Amino acid sequence: MFYYILRRVLYTIPIAIGVSLVVFALVHLAPGDPLSAVMGEVDQKMLAEMRASFGYDKPLPVQYIIWLGSALTGDMGYSLRTGAPVFGTLIDAAANTMIIGTAAALLGFIIGATFGMLAGYNHGAWLDKVVSSATIAGVSVPHYWLAILLVIVFSVQLGWMPAMGAGSAASILSWEAWKHMILPVIALAAIPCAIVARTARACVMEILSMEFVEALRARGLSERRILLHVARNALPTVLAVMGLQFAHLLGGSILVETVFTWPGTGYLLNLAIFDRDIPVLQGTILLLALFFVSINLVVDILQTWADPRISRG
Amino acid sequence: MKSDRLKLTLACIGVMGALAGGAAWGQSKPLRVGMTLSDIPTTSGQPNGGFEGYRMTGYTLYDALINWKLDDAKGPSTLVPGLATEWKVDDKDTTKWVFKLRKGVKFHDGSDFNADAVVWNLDKLFKKEAPHHDARQRAQVAGRILSLKSWRKIDDYTIELTTHAPDSTFPYQTTYVFYSSPAQYEKLGRDWNKFSQQPAGTGPFRLEKLVPRERAELVRNSSYWDAKRVPKTQRMILLPIPEPTTRASALLSGQVDFIEAPPPDFIPRLKSQGFRITSNVYPHIWPYFMSFREDSPWRDLRVRKAVNLAIDREGIVKLLGGFAAPAAGAVDKSSPWFGKPSFQIKHDPAAAKKLLAEAGYSGSKPLTLKVMVSPSGSGQMLPRPMNEYIQQNLKAVGINLELVTQDWEVLRNCRRAGAGSPICQGVHGINNSSATVDPFSAFGRIYSSKAIPPKGFNYMHYSDPKVDAIVEKSNNIFDEKKRDQLLGELHAYLVDNAVDVWVVHDVGPRAMSAKVKGWVQVKHWFQDLAPVYVAD
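As they're listed, the protein sequences go chains P and D. Just so you know, our numbering puts 287 at position 246 of the first sequence, and the rest follows in order with no gaps. Just so you know, our numbering puts 551 at position 366 of the second sequence, and the rest follows in order with no gaps.
It should be emphasised that the hints constitute simulated quantities derived from the structure, not laboratory data. What you are looking at is a predicted structure, and each value in this text was computed from that prediction instead of being measured. It is possible that some hints are incorrect.
Below, a list of computed lysine-lysine pairs in the DSSO-like style, where the Cα atoms sit at most 27 Å apart [what the hints assert, rightly or not]:
hint	chain 1	residue 1	chain 2	residue 2
1	P	86	D	640
2	D	214	D	413
3	D	702	D	413
4	D	503	D	259
5	D	312	P	99
6	P	86	D	312
7	D	313	P	86
8	D	666	D	277
9	P	86	D	635
10	D	417	D	700
11	D	700	P	220
Here are a few chain P residues that sit away from chain D, every Cβ distance over 10 Å (derived from the structure) [as the list claims (entries may be wrong)]:
hint	residue
12	58
13	104
14	211
15	223
16	264
Selected chain D positions facing chain P (Cβ under 10 Å, derived; list incomplete) [claimed, not checked]:
hint	residue
17	223
18	225
19	313
20	327
21	378
22	397
23	398
24	399
25	422
26	427
27	431
28	432
29	436
30	439
31	592
32	601
Yeah, the Cβ is synthetic: ideal placement off N, Cα and C, and Gly gets one too.
Same shape as in the complex, but just chain D (with noise of 0.2 Å):
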């Protein structure tokens, strides 16, 4: 009897074992992302990759001192406290800004998060004499935050940051730069490569493993200090694959769950095989931006009009397998910055004939323009065959457009000489995708004459007082209500005198299996993949 007592417990224990380790095993099923880039983003702190690589080993291993909010699709992403819990410009000094940190942060290594180590790693970024200054990580980041001039620790968790000058869009900047562990560093000999293999941040997830251009792989970090975003999943692995038709390859075959931006020709194959596929329209925009110098045929509004009214923007989005939106302006209608423009950007070649009549060009005197297109680039969504469509659109209504296509750098070379520059190849413009993810990405580094090269941006070399008064006036405002409002202004103005020709909106199409659960696509070039998992 006894005997047989123990028999039906060790039985029992071993269903419930099975049972047990069945589920967990589950649980730790990997996610393994198929990402677009052709290696992994850089893992000591700012990673390279572009925004690309701010999603993958990014805000997935560190944090910033303010986040963004990323779990809702339907509004704009805005600012959430992240290792700061709370920030206040000084009344007096609006350069002034104190910033309360988290308490009870710890990295990855154990050590703790404190006012010494947004110190450290602001020294490590922007100190050249820093014994830890990393050039490339400063490189990755200084042109996010430029308005940053000093900083200095108030007290174990309180610190100050001051800027050049008033900038009220400054906690966006703050969201680019990332915290490293000043211990790692230490035990890691102070070498940057090193702690790329090992690092330690603050994220939702470690690096367990580091297999450069093949493979990473994050595992959770069960005491991250926000409880909402410890992953769900024990392991994320990222895998490099850029060419397109591998990347659904992958997926289609099981060798990934989920991959960004797949071929548009895959996407019915992908549906119909049981394939969930997301989108959503973020900050982001596919322009030309156009040379406002002397010389330029866009000075004229007219012909800037007729451009904007000559392309079928449906018809693009059809093209891309309906995986666009219509720009109607810089910013997407949902923006809290379009404002109320009065020129309707549509397509109406009738009324885009007519402006350029108006402006003096007819059959036997053609408008040409010449515009630097790149075979592909990060953003630049399809670029040939978007603008072979502009150029047949543009066809039909008299305009001859010449597509002088080069190699991706030499077009942000380009850019970043500004419009007239011999890089530029006499080109009368440039479509290089922009992201408008917060107000100085999306206006003052484009359109302010204090950004024309070499000192920013502006490639067009666009300048207009008014312009410059009211980025100059908004960035004085810190009521965010009233700074998004100046900024519709802002951005109706653009639209009405259609500084450049916008095109479309990406929608960043994703493509996952059904059992990846926990996916939220937001309205932003960043996403959170901690909520992200496979379910069995």
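Isolated chain P (complex conformation) (with noise of 0.2 Å):
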């Protein structure tokens, strides 16, 4: 098991530099300068004295390395906009977002994952009709309609909840912060309920048909013992769909984020798309990436313990 999880890690650092790599030329290729965005209206001589003092004049390779080198070292330059350094903004948003990304994630799993085995383990039922409906129209819902759909009724019709921000809430734990998080959270857990109760609805369909299950009804076991076996059968597979999802959802989506205003990496990443501020872009997409690479090598490492088989293999 030790090995195994070195060996994983390992494969990271290749990973996290090939992502660096292509996050970089990404952004780079795209057409657009990326100073005459920041930079208002100026002429093109201004334009080129501008892009030498920013070191944009250099080729890419140089400017890959020298960037690639400071952000091992946490200084990921400074906003083309705004001056403030990057990592700084990136550790405020990435946080921001993270507060709604683990509250729609523990929403959706908890919601997704028990309806999705109960309405596998209920096959043909009611419940699980009622399930299966409600996870196709939660998957099929684009999630930015969603949300402005719960601003329409929750705030403009009903009045209950803010329309968009975070407040200026001093503690997290205060009510005025919970009310601006509710409707974010719910727009971002549909689909990832949706996708994690049809997982788990499917996993538990498919063991339930196993032998094994037959086996141990004819040694007696009572139902409530036969579905924690199942559950922990199809426990890897609905994992690895979680934590793509998980990661998803720290990610950040543009969508809701920008819906909402709410001042995440998924508003952030939009906010520097739109004035193409490269270092921001350039930082928040590796974050996102990175973000990606470290909850795949958890989940990994998750479904290895869950199924030891995986290591094996």
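Got two chains here, each in a separate frame; can you build the complex from them with the hints?
Right, here's the structure in full:
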């Protein structure tokens, strides 16, 4: 197990370097000048001077090495638009996204896994039909549309929740902070909840049809014990899906965060894209990519814990 | 008896205190503004975020030497003394301007505003070797004060600014430069990033709190030098809400008091729920700038007139819920520079077809025009439906309009690079809105052959010796009325030659709660937020 974990951790190093290279290339190969967008109406001569002063006149490989070297020391440069350090900006945004991402994951995974397993276990019953319909709706409804709908119903019509922002509460534990989070969390949780439910349902149904379940029944185990066995066998697949969904959530949703003006990484990325604020764009995409790599690593390890056959494979 | 009197006195004091407290609380109700920007504009002096940045953290926290008159909704906005009480061009050398500075003005940190502060700020922006030079701030304003060559202090309250060549429009250019406190910059360890968190300008508001991407809280500068513009509200909170539906929802749910650019489909509902909607035409034009290069069909005057006559501007205004004004030229008819053009820009498809036939185009040989458009962008209004509407209008007279949709920044880069540049991808023109705030913005930078890229913003490569001569002459006329008259002649000439496709002017709709008082929407990109407050 230890060597397996070590091997998986070592694998992430070339992946992370590859990711950084792709991130850098994508950002720089996109059309448009990185400086003209943030520098307002300046002429070509002035743009060339500015480009030189920010180091954008150097060959791309040189720029990449300089950027990677600085990023490894935690220095991701400064925002072209505001002049603020990218690292600090990213940390603030990531913390905000983590708050609603974790809350949405908890909400979505608990509801999704519970109802998915119950639906799979009661295949064909009314509960299964209700859960199946709800999950189809969940994965089909665009979450930005759901977000707008939630705002119209709960903010505009009923006036229960704020329509936007993270509020100005000093503590995250206050009601003021919570009420700003409720609608974004529901909008974010809808898709992962449905995906986890569908996966759990399919896994449970598949496992229930296996011979060992019949054997368990033949040995006289109670249905509750049988469900526990089934759940344990479904866990690796469900965990893998949860891991990917969790990484998506922590990556922040550009659309949902923009609809709610939630100051997380999705909103920051949107801002950086429109401003072509290269240092912020690079930093944010790199952070999000590393989120995915790290969460995949954790999920791999958890899967191995749940099903030791994986490490042997 | 004594004890009763004491109780009565205490009760009276209590009641008075409660009333006073209530009144004070009422006055201190913050004004919460929903901006269309995605972030708080920079606050260190020269704001980013275009002219919305100037409205929100420019003219609120700072002043220019010359400010805009922003309290009259009827007439066009004019220049008024700001940090300079008077300015005069040298009779003998018209490249030299002397500005008398206002005495007694203090920055928010308590330090004095004087000629040294002006020189320090101009060094900050335009002297690259100055230790406090800030490239970001320079980039925001350099393109707006191109005539400035040098500056020097004459005495503590007099400065001299020199232009590259005589330029009577120079006072307009000074309205874009704001003045930050040198003392505050020193106090904060000569760090512009720290300065942007704790800026000190001279404006009617002070910045109290800044949370990037979330909010800026501005509080009243009670000792502001212009008593008439001391803010009525104790506190103003700026909130970036780029999504139009969310912005309108925030207003409807009472989370904000005032929003810019409510989405047109929300306006009837806002009105029915008692919210106030205001609008006013301002120096903005939503045009197609077309290429005049050798291979362009736009070089034919008949084609230019035909396209202008084929567009149903009233229909577009209707499409926008009434929140636009049909254009009859680059500037609105109420502008002193409109002049008396003989070519009437109106919807006349029959005349358009006739002109096209004369130019040799027919059903078997249709005219095809490719125009680069963006899905969004500053001043672009609702580009997709508007361009599709025009596409239908042109189709009706036999013109195929191909819309090449590109990212806003690609469009801007194409404009900077000029027609025919590879980045423009073979289009005949671009749909890029433009400000016509001052004579240079409206004419010199768009139509002068001196402004052909890479030197300036004449995307079209338009070159007409007569236009160049009028621009040059107007720069040398220092009598405002005479200059306006000449610019009217220039504008009439441009319209008669149908140089661009002029479609509509924006009217900048705003929506606000019925409790918002003091708002006067003037005919300008900039607006004064100082008199605006939320009543009980």
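Okay, the hints, checked on the actual structure:
no.: 1; hint: P/86 / D/640; verdict: holds (8 Å)
no.: 2; hint: D/214 / D/413; verdict: holds (20 Å)
no.: 3; hint: D/702 / D/413; verdict: holds (16 Å)
no.: 4; hint: D/503 / D/259; verdict: holds (23 Å)
no.: 5; hint: D/312 / P/99; verdict: holds (24 Å)
no.: 6; hint: P/86 / D/312; verdict: holds (16 Å)
no.: 7; hint: D/313 / P/86; verdict: holds (14 Å)
no.: 8; hint: D/666 / D/277; verdict: holds (21 Å)
no.: 9; hint: P/86 / D/635; verdict: holds (15 Å)
no.: 10; hint: D/417 / D/700; verdict: holds (13 Å)
no.: 11; hint: D/700 / P/220; verdict: holds (25 Å)
no.: 12; hint: 58; verdict: holds (29 Å)
no.: 13; hint: 104; verdict: holds (18 Å)
no.: 14; hint: 211; verdict: holds (12 Å)
no.: 15; hint: 223; verdict: holds (14 Å)
no.: 16; hint: 264; verdict: holds (48 Å)
no.: 17; hint: 223; verdict: holds (5 Å)
no.: 18; hint: 225; verdict: holds (9 Å)
no.: 19; hint: 313; verdict: holds (8 Å)
no.: 20; hint: 327; verdict: holds (5 Å)
no.: 21; hint: 378; verdict: holds (5 Å)
no.: 22; hint: 397; verdict: holds (7 Å)
no.: 23; hint: 398; verdict: holds (4 Å)
no.: 24; hint: 399; verdict: holds (5 Å)
no.: 25; hint: 422; verdict: holds (9 Å)
no.: 26; hint: 427; verdict: holds (7 Å)
no.: 27; hint: 431; verdict: holds (5 Å)
no.: 28; hint: 432; verdict: holds (8 Å)
no.: 29; hint: 436; verdict: holds (9 Å)
no.: 30; hint: 439; verdict: holds (7 Å)
no.: 31; hint: 592; verdict: holds (6 Å)
no.: 32; hint: 601; verdict: holds (7 Å)
Checked against the numbered hints given earlier, this structure breaks none of them.
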